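Each chain is listed here by its residues.
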Amino acid sequence: MTVDTEQIYTKEYIKQFSKDRNEPEWMKTLRLQALEQSETLDMPKPDKTNIVRWNFSRFKHDYVEGEAIQSLEHLPEEIKDFFDPENLPENLLIQRNHSIAYASLSNELKEKGVIFTDIFTALQEHEELVKKYYMKDAVSIDEHRLTALHAALMNGGIFVYVPKNVEVKTPLQVVFWQEDPTIAYFNHVIVVAESNSSVNYVENYISNNEEETVANIVTEVFAHDNAQIAFGGVDNFATGTTIYMNRRGVVNRDATINWSIGQMNDGNTIFENITELVGDNSLCNANTVTVGRGKQIQNITSKTIHWGRNAEGYILQHGVMKDSASNVFNGIGKIENGASGSNAEQTSRVLMLSEKARGDANPILLIEEDDVMAGHAASVGRVDQMQLYYLMSRGITKQEAEKLIIHGFLEPVVSQLPLESVKKQLKQVIERKIN
Amino acid sequence: MAGSTLEIKDLHVSVEGNEILKGVNLTIKGGEFHAIMGPNGTGKSTLASAIMGHPSYEVTKGSILLDGEEVLDMEVDERARAGLFLAMQYPSEISGVTTSDFLRSSINAIRGEGNEIPLMQFIKEMDEKLEALEIDKSMAQRYLNEGFSGGEKKRNEILQMSLLKPKIAILDEIDSGLDIDALKIVSDAINDMRSEEFGTLIITHYQRLLNYIKPDYVHVMMQGRVVKSGGPELAKRLEEEGYEWLKEELGIKDETVGQEA
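Chains A and B are the protein sequences, given in the same order.
For the record, in the first sequence the residue sitting at position 344 is 344 according to full-length UniProt numbering, with numbers rising by one throughout.
For the record, in the second sequence the residue sitting at position 119 is 119 according to full-length UniProt numbering, with numbers rising by one throughout.
Don't take each hint at face value.
Claimed, not checked - Derived Cβ-Cβ restraints for the label pairs, each shown as a range: (1) B:Ser149 with A:Asn337: 25 to 35 Å; (2) A:Lys80 with B:Asp127: 49 to 59 Å; (3) B:Lys165 with A:Asn435: 28 to 38 Å; (4) A:Gly113 with B:Ser149: 46 to 56 Å; (5) B:Ser56 with A:Asn435: 26 to 36 Å; (6) B:Gly150 with A:Asp384: 12 to 22 Å; (7) B:Gly114 with A:Asn435: 50 to 60 Å; (8) B:Glu16 with A:Asp384: 45 to 55 Å; (9) B:Leu119 with A:Gln399: 22 to 32 Å; (10) A:Ile364 with B:Ser63: 51 to 61 Å.
What the hints assert, rightly or not - Derived pair list, reagent style SDA-like, types lysine to any residue, alpha-carbon separation capped at 25 Å: (11) A:Lys433 with B:Thr98; (12) A:Lys423 with B:Glu93; (13) B:Lys167 with A:Thr397; (14) A:Lys427 with A:Asp360; (15) A:Lys398 with B:Asp73; (16) A:Lys403 with B:Glu113; (17) A:Lys398 with B:Arg194; (18) B:Lys129 with B:Gly150; (19) A:Lys322 with B:Ser92; (20) A:Lys398 with B:Arg142; (21) A:Lys398 with B:Ser95; (22) B:Lys153 with A:His407.
Unchecked claim - One side only, chain B facing chain A, incomplete, derived with CB under 7 Å: (23) Ile94; (24) Gly96; (25) Ile110; (26) Ser176; (27) Leu234.
These aren't lab readings, by the way, just hints derived from the structure by calculation.
If you're wondering where the values come from, they're calculated on a predicted model, not measured in any experiment.
Yeah, the Cβ is synthetic: ideal placement off N, Cα and C, and Gly gets one too.
Starting from the given sequences, assemble the full structure and let the hints guide the process.
Take a look at the structure:
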């Protein structure tokens, strides 16, 4: 069976969609060009995973508005879980289906010029800024058919902008709540931190659908000179959704992006987290954890590309696979000519909990420069019998002991998430998935 | 209430088809401190592991009864909940699990559902024991045994014993790798446990430990059996004269077991 090449969405449809959102002309043109490109581009080819039979073409794209949220107290439990009821977030966006249902941003940040809004509003109110960053220096439209389709069909997302010298001390939190089980998510997120600024940004995706649909999401994160970004993301799409998730960073001189990602989807997932270490002394910690269950197939790539001198990239990927789930971790450290003094380190580990679970760790170092450091560690294995014996010898049941070991295995990434409530929520999801 | 009784009867244990224990008989009662001595390779640690249920050790014959209940029919965790404890020679490192979270999970597992220790009481008890064992309080927040020195691991084992309050504890070479100060601290903690409700089996090949912990009974293992039992004077004599006299008395040339010549 070959990939379904038929285009379900026509130029006319896209023109109308763009018009309905009041988009600037360049955006409409970009969409139409992307649509054309998507017809000839190939699908991505994630290493060691065959996605030929995955559903990337059957979905309902229409823009579906979500009902406005009057009070956080009246949300369903699964959404409330993202917040600490004692300490409700000051800076919060909830995208319900495709529209913003709840928005708050502290006056202090507003006054300092921080932008924290949905992508369509940003296209109206900050058109030049969006244009400057939208699928230019991080993700290109023509990387493959999915990036082109994304650009053609983008139907939601967030724009975050932190001006020069502004430190955002309280985290910015976004919940993407796909309440309607049939809709597709073509979200686009842009996070920009100007020079000498800092921000903690945390996003959660959640859906509950068994119905077949697609999430095709592109996130572009820019840390300008000496900016610090802590990016936390927990993805929790349900079984019906096939996911292409692309989170990419560009790190300039003396800047840092730290990623802490929980891939907790139940559907087949391609996750790609690439960080371009462009500036001298740029730094990136790319941490991902995942739990696979059922018949889920995942392909997770973390990559750091070192251009600047003394650029440091550290990749840490830990995965737990149960049932007949399978996961491939690709870890890639690429050091370009001239990036002297760079360091590319990576660790990928998979813990398999059942006979049928599959794990693969695939470390790659591509080095074009002499004066560098690089290293990798990878392992695929089962729960250590001696650890189990030790914990059980203290009265802990086998089941509880396994749970402790699994939580411990995922802890290095969970503990890095920049928001306590999201950390707690992720722990709950892990608990649910491994039980 | 009188203490518990652990009865080991004609215990035979194999590792990978190799018989290491060849009929061990031993009874430990609440209130009693037993020491097992003997050179390396005579089966002492195998006995400890078999009692706790280490997965690599296969019991081929015999029985272990705790207050009349067959321990060999229990899973490892059930043995612990029945009141057995083993301070291990090589405790596992568990990444990502803090010592304090682990201790609380263990205590609650032993106490049972519905009888969990209140958080404040747990912290108080843990702090007391940490202090008594002169362990830095930061250890509670470190991952279990990860990056611990040899001495820290041993103290952590005794910390666990103090908090879990077992009926019968087996201490497998708790003295190895401890300097003299640490040895005193650990010994004090073990002596503090002495009561009618607590019995222990201390495995060591150094008499040194027995200067600080006074055993009521001393046993010597050779060739996978207990070959001699006595009082504290036996340990004294072994320290002064070594094992040769005993080997001669018993007509043993090679005291080790399970090793290919």
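Q. Checking against the hints above, which ones are violated?
A. 1, 2, 7, 8, 17, 26, 27
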